[in-house]
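Note that the protein sequences, when read in sequence, are chains A and B. Residue numbers for the first sequence follow my numbering, so the first one is 1 and each next one is one higher. Residue numbers for the second sequence follow my numbering, so the first one is 1 and each next one is one higher.
Hints listed in this document are in silico derivations from the structure and should not be mistaken for laboratory results. Accuracy of the hints is not assured; some may be wrong.
What the hints assert, rightly or not - Calculated Cβ distances over 12 Å to all of chain B for the following chain A residues:
(1) I10
(2) F28
(3) W175
(4) Q176
Said to hold, decoys possible - To spell it out: a stretch of chain A is covered by chain B in this simulated footprint if at least three of its residues, at any positions, have a beta carbon under 8 Å from a beta carbon of chain B; those stretches are:
(5) 124–133
(6) 157–163
What the hints assert, rightly or not - Just some of the chain B residues that point at chain A, by a computed CB distance under 7 Å:
(7) L56
(8) T60
(9) T83
(10) A89
(11) G103
(12) V106
(13) K110
Think of the CB as a built atom: it goes at the ideal place given N, C-alpha and C, for glycine as much as any other residue.
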Amino acid sequence: MSTLPRPSTIFLAAITTLVAVLLYSPLFVPIVSSFFIISHGNVDWSSPTLSTYVALAGNHDILAALRTTLVVGVCTVILSVVSGTLLALYYHGRHSGRSILQFIIFLPFLMPPIISGLALLIFFREIGLERSLLTVVIGHTVFVLAIVYRTVLMRLQSMSRTLVEASYDLGANGWQTFWRIILPNLSSAMVGGAILAFALSFDETMITILVTGTQSTLPVRLWAMMRLGFSPDINALVALILMFTVLLCVLAARFLIPRQMATERN
Amino acid sequence: MSQNTDLLTLRSVSKSYGTVPVLHDIDLSIRDGEFLTVLGPSGSGKTTVLRLIGGLEPLTAGEIRLDGQDISRMPINKRPFNTVFQDYALFPHMTVSGNVGYGLSVRHIKRKEIARRVAEALELVQLGRFAERFPAQLSGGQRQRVALARALICQPRLILLDEPLAALDLELRRQMQEFLKSIQREIKTTFLFVTHDQEEAIGMADRICVMQAGHIRQLGTPHELYYKPNCEFVARFFGENNLVAGKLGPVQGEQRPIETALGRLVCSISDQPHLKTAPDGASAFAAFRPEALRLADANDGDNRFSGTIADLAFAGSSTVATIMAGADNAAQRLRLRMPSRIDGSILKSGETVSLSFAPHEGHLVLA
Ligand SMILES: Nc1ncnc2c1ncn2[C@@H]1O[C@H](COP(=O)(O)OP(=O)(O)O)[C@@H](O)[C@H]1O
Ligand SMILES: [Mg+2]
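Go ahead and model the full structure; you've got the sequences and the hints to work with.
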């Protein structure tokens with residue numbers, strides 16, 4: 001229910017629409033144009049086609065990059081969800097050093113990726129770790145940890161303290177309370193955090209370029225392709241990545257935004 | 001009922017949060033099988049008492065004894081008490097039967113046995129049909145009953161309830177009060193029930209413990225608290241009362257006079273030894289209930305004074321008059337409650353009347 005007078009409502013709606021169009025229309029251009037042939041740098045609007053996607057499916061480099069991306073993503077998710085949850089529990093338990101810990105967790109996420117990437121690169125060189133998928137996974141985990149940590153911590157903090165107290169009160173020990181009360185109540189936040197972590201890892205480019213060995217992930221591959229010129233399959237690839245990322249975000253939102261409490265039936 | 005043995009004893013218990021003292025030197029005995037209500041205004045330390053007994057907070061000083069054994073350092077999950085939390089604290093990811101059975105399943109009791117006892121407990125709180133629902137699908141009163149079933153399934157020695165009815169509307173609260181009482185009679189378990197609502201306390205308790213600012217002011221039956229409050233706080237907090245300040249006169253057997261602005265008032269001091277020993281001239285209050293105050297008749301010798309009726313309020317079965325008495329009939333405000341009459345009140349606003357109360361219906365509290 002709006003309490004604003006009508007003219008201002010219309011004005012607000014107009015501004016909102018304008019901003020939305022300006023922000024989001026660039027996202028739709030590659031999706032739409034991926035269904036058309038590009039000749040001499042111009043899009044040929046007359047004949048819609050799926051040929052760019054067919055070309056993409058036949059591109060072994062791209063398929064290999066996709067596989068790499070998925071492997072890195074899954075490993076990153078597992079590592080970051082486990083460590084992010086543990087760190088959130090540590091912070092929530094009011095142990096010592098919690099503010100410094102939180103600062104360190106957020107730092108790589110807030111710093112420019114090129115700085116994080118370079119720092120990692122130097123670190124790996126110093127400890128003699130060869131650049132490989134392992135270093136990429138470590139880089140991604142360091143980067144996305146803040147998101148998982150924050151998501152889980154927020155859920156922990158919104159969880160009623162009395163749930164834990166009730167569990168002890170009913171005779172449970174710490175271990176039972178953790179597995180049967182705390183973890184189940186965190187699970188949807190962990191799933192939401194995992195999806196966000198996967199989406200971030202899927203798109204991550206800068207750190208990956210710096211710390212990867214011979215294998216490249218999808219965004220890195222895309223980066224390399226673009227340096228050679230704008231080929232039609234780039235549109236298709238961008239469109240696919242875009243749609244996949246949006247899908248992940250929608251999914252994450254489902255887990256993270258509290259659902260309406262089920263109302264009483266009958 | 002074995003109501004006369006002490007189940008739990010608090011001895012000189014104090015509690016501070018940081019440097020802020022919250023409970024001062026509390027002594028309290030809870031009898032086996034009784035329904036004990038802790039009553040006090042918000043912030044008086046009721047919840048803290050409950051949390052100390054439940055083991056959710058450590059004591060700052062003193063000790064808690066169960067059957068004579070010191071349990072002050074016994075961990076919360078080992079204490080044979082269960083709590084009904086103010087916000088119910090139902091586990092949102094478990095069904096009603098999952099919630100109720102939790103206390104048994106963490107003790108590794110066999111599944112069949114758990115199912116049987118859960119069904120029994122749900123039957124007791126009349127929620128048999130709701131076993132497979134989740135807490136979010138229940139109404140406030142139903143959640144309340146799940147919390148109760150979950151607490152009593154472990155057969156605790158003592159059930160701790162922290163304002164369990166505060167979130168319910170009036171009608172439901174009445175029903176739940178009766179329901180809780182009937183369950184307590186049925187399972188014969190000791191209940192420690194916290195509330196800030198004195199009507200609730202009067203209606204439910206075997207004994208009431210009145211708290212204020214981290215002190216226990218009085219512990220007694222509702223009747224004792226109503227007719228023999230031991231301090232000004234209880235006299236004012238517990239039910240409507242008339243308090244008239246004055247100086248004590250010499251003891252006359254089971255009665256003692258007090259010189260007040262309304263003249264010399266004689267009040268009963270039976271069963272209140274501290275009023276026998278108080279020195280003459282000590283500051284005190286004469287206290288008498290609105291229903292004890294009445295129009296004086298020719299036979300009344302003691303406790304007679306005049307007052308002007310400032311206001312008359314019809315309250316259904318009774319009518320309440322606000323009366324100004326004392327110097328110039330203006331210094332002291334009193335209330336008088338009398339049964340309503342179908343042909344209208346015999347009192348008229350603005351009228352000056354002669355009033356009285358019987359000495360045995362008045363009592364004294366030290367200021
Ligand atoms: N965890 C806490 N930290 C600091 N002060 C507290 C804490 N819990 C309660 N208090 C204080 O202790 C006093 C008594 O609180 P409480 O026992 O909750 O009172 P009641 O239940 O009678 O309303 C209040 O003044 C409250 O502010
Ligand atoms: Mg309280």
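Proposed interface contact between V106/B and chain A, which counts if any beta carbon pair is under 7 Å: holds, 4 Å
Status of I10/A, Cβ more than 12 Å from any chain B Cβ: Given that every Cβ of chain B is farther than 12 Å from that of I10/A, nearest at about 39 Å, it holds.
Assertion that Q176/A lies outside the chain B interface [Cβ separation over 12 Å]: violated, 5 Å
Assertion that W175/A lies farther than 12 Å from chain B (Cβ): violated, 10 Å
K110/B as chain A interface residue, shortest Cβ-Cβ below 7 Å: violated, 16 Å
Within 8 Å of chain B (C-beta), three or more residues of the segment 157–163 of chain A: Holds, because 3 residues of the segment 157–163 of chain A bring their Cβ atoms closer than 8 Å to Cβ atoms of chain B.
Hinted contact A89/B with chain A - closest CB pair below 7 Å: Interface hint status for A89/B: holds (4 Å vs cutoff 7 Å).
Coverage claim, chain B over the segment 124–133 of chain A, checked by counting residues with Cβ within 8 Å (three needed): violated (count 0)
Status of the hint placing T60/B at chain A (closest C-beta pair under 7 Å): violated, 19 Å
Chain A contact restraint for L56/B - C-beta distance below 7 Å: holds, 6 Å
Minimum beta-carbon distance criterion (7 Å), T83/B to chain A: With a minimum Cβ separation of about 5 Å from chain A (threshold 7 Å), the hint on T83/B holds.
Exclusion check [F28/A not at the chain B interface, CB over 12 Å]: Holds, because the least Cβ-Cβ distance between F28/A and chain B comes to about 39 Å, which exceeds 12 Å.
Of the hints listed earlier, those the structure fails to meet are numbers 3, 4, 5, 8, 13, in rising order.
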